[in-house]
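Undergrad: Chain residues, written in single-letter form:
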Amino acid sequence: MGPSGTIQGTASSFKPPKGSPVYKTVAVVGPPNAGKTTLFNRLTGLRQKVGNFPGVTVEHHTGSFRLPSGDEVALIDLPGVYSLNPKSEDEKVTIDVLNGVMPGAERPDAIILVLDSNNLNRHLVLAGRVISLGLPTLVLLNMADELHKQGGQVEVLPLARQLGTPVALVSAVTGEGLNAVANFLVATPQIPEPLELPIFGDPRHCREWAVRMGSEASYRRGATPEWTRRLDSIFLHKLWGGVIFAVVIVAVFQTIFSLGQPASDLLQRLLDNVAIHLSSALPAGLINSLVVNGIWKGAGSVLVFLPQILLLFLVIGILEDSGYLARAAVISDKVMARVGLNGKSFIPLLSAYGCAVPAIMATRTIENKRDRIATILIAPFMTCSARLPVYTMVIAAFIPNRPVLGPFVGTRAVAMLSLYVLGFAMAVATAKALKSSVLRSRDVAFVMELPPYRWPRWKSLALRLMDRANAFLYRAGTVILAVSILLWALTYLPMHNGQPPQISDSAIAKVGHFIEPAIRPLGFNWRIGVGLLSSFAAREVIIATMGTLHGVDPESHAMDLQEALKTDLTPAGAIALLVFFAFAMQCASTMAVVRRETNSWKWPLLQFIYMTAVAYVAAFIAYRITLLYWN
Amino acid sequence: MVFNFMKAAPAKPSHTLSDLALGESGILEDFDMPQTIAEHLMNLGFVPGLEILVTRSGPGGNPRVYRVDGTEVALRRDLSRCIGVRPLHPAEAGI
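Chains A and B supply the protein sequences, listed in that same order. For the first sequence, our numbering gives the first residue as 1, with consecutive numbering after it. For the second sequence, our numbering gives the first residue as 632, with consecutive numbering after it.
Keep in mind that the hints were calculated from the coordinates and are not lab data. Treat the hints with care, since some could be wrong.
As the list claims (entries may be wrong) - Here are some chain A residues pointing at chain B (derived, C-beta under 7 Å): (1) S83; (2) L236; (3) G241; (4) I244; (5) L450; (6) R454.
Even for Gly, the Cβ is constructed at its ideal location relative to N, Cα and C.
One chain only, chain A, in its complex shape (with noise of 0.2 Å):
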């Protein structure tokens, strides 16, 4: 083959490549936007996050890609850039990869530069700084289907010519053009020269450059999808737009509850009746009451909350992968401004309600490392997931449940969704707080790019959902489950005459009693204090101890754990409990990622502590008052 051999036009007159792979370790590399994302999935089928907000993927996956002689080549997913600019955190990622010099990331031999066929004149700029690296390069140009439909063109073969590197048209999302990818890699590295590389530094060289490069290949752009400007008129109208924004933010908590609940009650039946026959199936003594009382009750009990947490995360993926969230950030940007951050913390902030952890993942979208480190501060504060099994167990408990506006709008519901104002508006003050003193900030750009609107794929949502679903089974199966043997095994110590002590003189007793002073004024029993201790590893823990310590003892052990519970608090402490649990940092998972994100163990300490005595001290005043008023 000559040097022109490695040029391929559109892959749809190649056949099938035989042969070994000439790559070992390919880079995926492309601006936010550019979908590189589902690229990805589709060459690995690996699990990722995918969505329309610019810089959704945040660190770097790997996956491997399999060619059709069966070999497997090593893909790695880079975060989206514009440009290669070691000022910006992503970028340096993405240049440290392609470098070599990443800690933990093997330096990839050749790039797959995946560019939106939609917006190459400004996605070639980044084409230019990457081929002049060096490394062999297949340029990608995505969005094949979209750029047809909207009347668009693009000629491949002049553009690879002047590139110097193989270009495909191709559609991630159809697979259309995709064996490109295969061709690439077992073919050999024979590259001719590019024509002519941008001088880099002067972005409107750069830019004519590649226009120049456009036209070359007889680019013409599609127009703007009808139906973006059509939704966009409504979705960020003066003032529809802001009654739309509070109409989808209640829809989407509505959507949790009202087919969460169901869904979670249908799962707790199935796990008694499992609990049930375990119990009958094996025989009475130690290992029946660790498997039955332990693992099954312990760990069980949280797993009945994942019907909720999965439908809350699909709300938020679809509304982001619609394009919505992007608009939502510019709706709430003037409210944002008014505690001092702007409408790109709002994304991670919502995203908060999920979990804090892909939350504070998500801040590194945030251009101002003080708005940022503000945003991860008051983040933890948003009403997560795992507060969701505590709230719902306490209120059904306590609260009986009474209309208050109509038939469906109740107690339960009122006090539910006061916890989460409560939450939030302890987020807002943090933030008001912060932004006035220590976190001061002049800067005030909001640069906020609006990407098309597109219908959310099922598949890179179902994707996401399996990631959320594994990495909560995972805590479930590993934290929870070693918290709950480790409590049960302390209701069992010490044992006299091999028999288990009365749960009253039991270690975790003493464990409990010991720290009982501490948490009397709050309302707490030595029980909730045990509970209270084992939810700092993870929130949703304490229920999974109260579990066990009930399933244990003989004169709880038949009650459900909502009657279990009143044997343990009266209603104020209960409300104690809940405003302790909407304020305390209790997840040692969201201060690993602070610790990561901020680089020093300086901020989750202080959000620790801060968050920590905030709890303390609202719960104290929460059980006070409570008490005038409810005995």
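With chain A held as given, fit chain B onto it using these hints.
TA: Just chain B now, with coordinates in the frame of chain A:
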């Protein structure tokens, strides 16, 4: 760096992006802002010499949405006041 944006505007430009009304367009001229922000804007298509159109105004007129180089980008007023433009007459406008 061949091109320095901080040097480009010794005096405040006579017209800024903020002066354009909804539906009006102009030619981007220069940026009076920290270089990191200017570079980010250029990555999004805010390149001097390109035409920019005010497409939408958010609640309360802030932020506003602009179309430039085929993309829609939202900016606050504070930032759009730091971007110099040459207003175009409706007859000249191309987007």
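Undergrad: Take the hints in turn and mark each one as holding or not.
TA: Here is how each hint holds up against the structure:
no., hint, verdict
1, S83, "5 Å, holds"
2, L236, "5 Å, holds"
3, G241, "6 Å, holds"
4, I244, "11 Å, violated"
5, L450, "4 Å, holds"
6, R454, "14 Å, violated"
Hint violations for this structure: numbers 4, 6, all remaining hints satisfied.
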